[in-house]
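Asker: Residue numbers (the numbering used here), protein chains in the order written: chain A, 3 to 430; chain B, 3 to 430.
Since the hints were derived computationally from the structure, they do not count as laboratory data. This structure is a prediction, so every number in the text was calculated from the model and none was measured. It is possible that some hints are incorrect.
No distinction is drawn between identical chains; accordingly, a pair holds when it is met within one copy or between any pair of copies.
Claimed, not checked - Capping the alpha-carbon separation at 20 Å, the derived lysine to aspartate or glutamate pairs in EDC-like fashion look like this:
1. K245 - E96
2. K123 - E151
3. K283 - D144
Number of protein chains: 2
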Amino acid sequence: MLPYQTLDKKDLQKEYDKLWEAYQAYRARKLSLNMARGKPDTAQLDLTQEILTSFSTSADCLAEDGTDCRNYGLLDGIPEAKRLFAELLGNTPEELIVCGNSSLNLMYDTVVRCLLYGAGKDETPWIRQGKIKFLCPVPGYDRHFAICESLGIEMINVPMTENGPDMDTVERLVSSDSAIKGIWCVPKYSNPEGVTYSDETVRRFAALKPAARDFRVFWDNAYLVHDLYDEKDSLLSLSSLIKGTENANMVFEFFSTSKISFPGAGVAVIASSHENIDKIKSIMTVQTIGYNKLNMLRHVQYFKNAEGVLSHMKRHAALLRPKFEAVLEAFDKELAPLGIVSYTKPRGGYFISLNTLPGCAKRVYTLMADAGMTMTQAGATFPYGKDPEDKNLRIAPSYPPLAEIRSATEILICAIKLATLEKLIAEM
Amino acid sequence: MLPYQTLDKKDLQKEYDKLWEAYQAYRARKLSLNMARGKPDTAQLDLTQEILTSFSTSADCLAEDGTDCRNYGLLDGIPEAKRLFAELLGNTPEELIVCGNSSLNLMYDTVVRCLLYGAGKDETPWIRQGKIKFLCPVPGYDRHFAICESLGIEMINVPMTENGPDMDTVERLVSSDSAIKGIWCVPKYSNPEGVTYSDETVRRFAALKPAARDFRVFWDNAYLVHDLYDEKDSLLSLSSLIKGTENANMVFEFFSTSKISFPGAGVAVIASSHENIDKIKSIMTVQTIGYNKLNMLRHVQYFKNAEGVLSHMKRHAALLRPKFEAVLEAFDKELAPLGIVSYTKPRGGYFISLNTLPGCAKRVYTLMADAGMTMTQAGATFPYGKDPEDKNLRIAPSYPPLAEIRSATEILICAIKLATLEKLIAEM
Chain A
3 MLPYQTLDKK DLQKEYDKLW EAYQAYRARK LSLNMARGKP DTAQLDLTQE ILTSFSTSAD
63 CLAEDGTDCR NYGLLDGIPE AKRLFAELLG NTPEELIVCG NSSLNLMYDT VVRCLLYGAG
123 KDETPWIRQG KIKFLCPVPG YDRHFAICES LGIEMINVPM TENGPDMDTV ERLVSSDSAI
183 KGIWCVPKYS NPEGVTYSDE TVRRFAALKP AARDFRVFWD NAYLVHDLYD EKDSLLSLSS
243 LIKGTENANM VFEFFSTSKI SFPGAGVAVI ASSHENIDKI KSIMTVQTIG YNKLNMLRHV
303 QYFKNAEGVL SHMKRHAALL RPKFEAVLEA FDKELAPLGI VSYTKPRGGY FISLNTLPGC
363 AKRVYTLMAD AGMTMTQAGA TFPYGKDPED KNLRIAPSYP PLAEIRSATE ILICAIKLAT
423 LEKLIAEM
Chain B
3 MLPYQTLDKK DLQKEYDKLW EAYQAYRARK LSLNMARGKP DTAQLDLTQE ILTSFSTSAD
63 CLAEDGTDCR NYGLLDGIPE AKRLFAELLG NTPEELIVCG NSSLNLMYDT VVRCLLYGAG
123 KDETPWIRQG KIKFLCPVPG YDRHFAICES LGIEMINVPM TENGPDMDTV ERLVSSDSAI
183 KGIWCVPKYS NPEGVTYSDE TVRRFAALKP AARDFRVFWD NAYLVHDLYD EKDSLLSLSS
243 LIKGTENANM VFEFFSTSKI SFPGAGVAVI ASSHENIDKI KSIMTVQTIG YNKLNMLRHV
303 QYFKNAEGVL SHMKRHAALL RPKFEAVLEA FDKELAPLGI VSYTKPRGGY FISLNTLPGC
363 AKRVYTLMAD AGMTMTQAGA TFPYGKDPED KNLRIAPSYP PLAEIRSATE ILICAIKLAT
423 LEKLIAEM
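Isolated chain A, as found in the complex (with noise of 0.2 Å):
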């Protein structure tokens, strides 16, 4: 097998030809398979199925202060839920909220209260200030630019490499312009490259010197323990190099349990500076009088502690990792010889990033489509939808049993090899 671009236009048009012969037995197989979002799978939930049979007495509901948690009462969380999250946030537990099932949710109320109330202390509304801008590590996370995008907030869009952001660029623009308030972050196993960010990068973003002074840092630590193998990445953590510093409130962090116990009934935390946090609460108090603290119970009588839940992620790791490895020993395989693809191995996380070469990603996403395979939508990582380069594709290997995993790769390498030939072909 030789990379496409030695061969002649007839020999391109052969291999297309044979290519569309088997996408089109792939076709006839109606498959619908589903790669597009960061899903847990069945077996994986299983392994918690534990959390959801306790409390057969009142007294098992009761939380160390003796809190009844099935009544009214405690708006930043039980004691024991906030320790626990504090020990794997490496912050105190005054400096977090735990709350509903959806971190999602707790960062589109956190750019709402900024909006309505300021981002700090004596801060004044970011809704009273113009026109206001965030700033979109690309590709990333497509529900961070949406929030964006349905509050009106600019968007603009600052390139990944291998150690996160480009932070030369961000240190421009938040240094130079203060309507950039705001810069989305997934700072470990990055959504969708897998990437953690470098000690230096954590450093550099603890020393940004913005010129808006309500500028904040989301930072999405949705996968700080979602290590695929024993050798993990590490992540410098943010919020201790900032604090007794003048960024001390220039971050909030999120974090949930949606991928380790379950998306559709975990328990989600923010994080911040004292300050923020009691602001934040101040504000919170008036949205509700408390999330489910028997949800939290569930969480942390099953856990117990930072240490419960790591040595349970190993369990989602041995499922997890067949997945991932099946879809890139096939790119290896069949992709890599041809120079006509780049993806990330990531080592933890949910997502594998494949850029095909410019102009091919909308193709491959709609042959896939076609073929009954649903993959994250082409351009669905960039604010808008908008790839420049019409390349990014997101790959979701957790969802699918592994033999569909293969299929589905074997369907996607094939429509990825369609549509840069028909690339190819076009530009002779």
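Once you've looked at the hints, dock chain B against the given chain A.
Answerer: Only chain B this time, still in chain A's reference frame:
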């Protein structure tokens, strides 16, 4: 015992001294009782303990449409939960969204959505319309008022009558001032008076001619099924009355199981017209992937249907009724003959509302606090915490055990008499 008004100053002082001595005796007991919040007691929570022991296998976690409730999906709730709540609220599953554990959270979020996105399809966001106002029937629910105050929405008091808000005032204000965008209503067993809106009141709501096209009724149906007696108050369905009229989109209705199952771990619902629900979902999908579906499933598996909820509520009533009656019997015996207070005798809900002579409520609150009795803050039942006549007190008899309710009521009666005598003596 004679009404205080017939006594001369000397006799009043004598009575006062006697009561003061009794009060000091109460204080010496160093009690700590709480009648501040509408909080179910432990026996009530125990009624639904069984809800918490479901789901031993993964098959138990499937919704009727096959959705694995442990995983992502179904923004607006599982079908069987939507059907159950539609049956209770008298609308259709398409006209509601089943959410997290807090209807307060839904109300707050709904006001925020109106502020940022407009109240209805193609409406201007409230926040772009200058000063906006809400009507607040008083006395009312402090947490409703806190939402407005927090979000900078001006509040206008509207007096409550025994049939609901004074509709002459509501109609006059709503039809004449386009800055009035909303009204807070607890239409059945209102907080704090226990008033159920009459059929005429509900019909007049349905027939409002708002000056603002984006005026909305916030219909907090918190106590829809919370009857204390078999002979229930009945409430017309406002959503049915407006269907097909030009006010079809005028109502947001809220409901929760906080006082049916668990205040800390129930299920909350927002209901409205198709058009409004569509708009809410289009924004909510940016805010969250979905609410806790396992908790919805727990509730449906336990209650089955509306009839299941209604029969369950009789068990709550059996626990609550004696507490309400203990308070009211003591009031009838000790306060009614004195002609110094008026109070409601609700047939449902969670509160008794008592009016002292003007200028006495805060003093009663302080006397109670000094004796270790936590009451709802005097003034809390009015916007900005300001009761213009300083006379309303909200009594929440649900949480303490019956014996404590009796003690607390005894002390409350003493405190009311003392505060009243202080006023009468000072005015002589």
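Asker: With reference to the structure, classify each hint as holding or not holding.
Answerer: Hints versus structure:
{"no.": "1", "hint": "K245 - E96", "result": "within (14 Å within a copy, 48 Å between copies)"}
{"no.": "2", "hint": "K123 - E151", "result": "between (26 Å within a copy, 18 Å between copies)"}
{"no.": "3", "hint": "K283 - D144", "result": "between (28 Å within a copy, 18 Å between copies)"}
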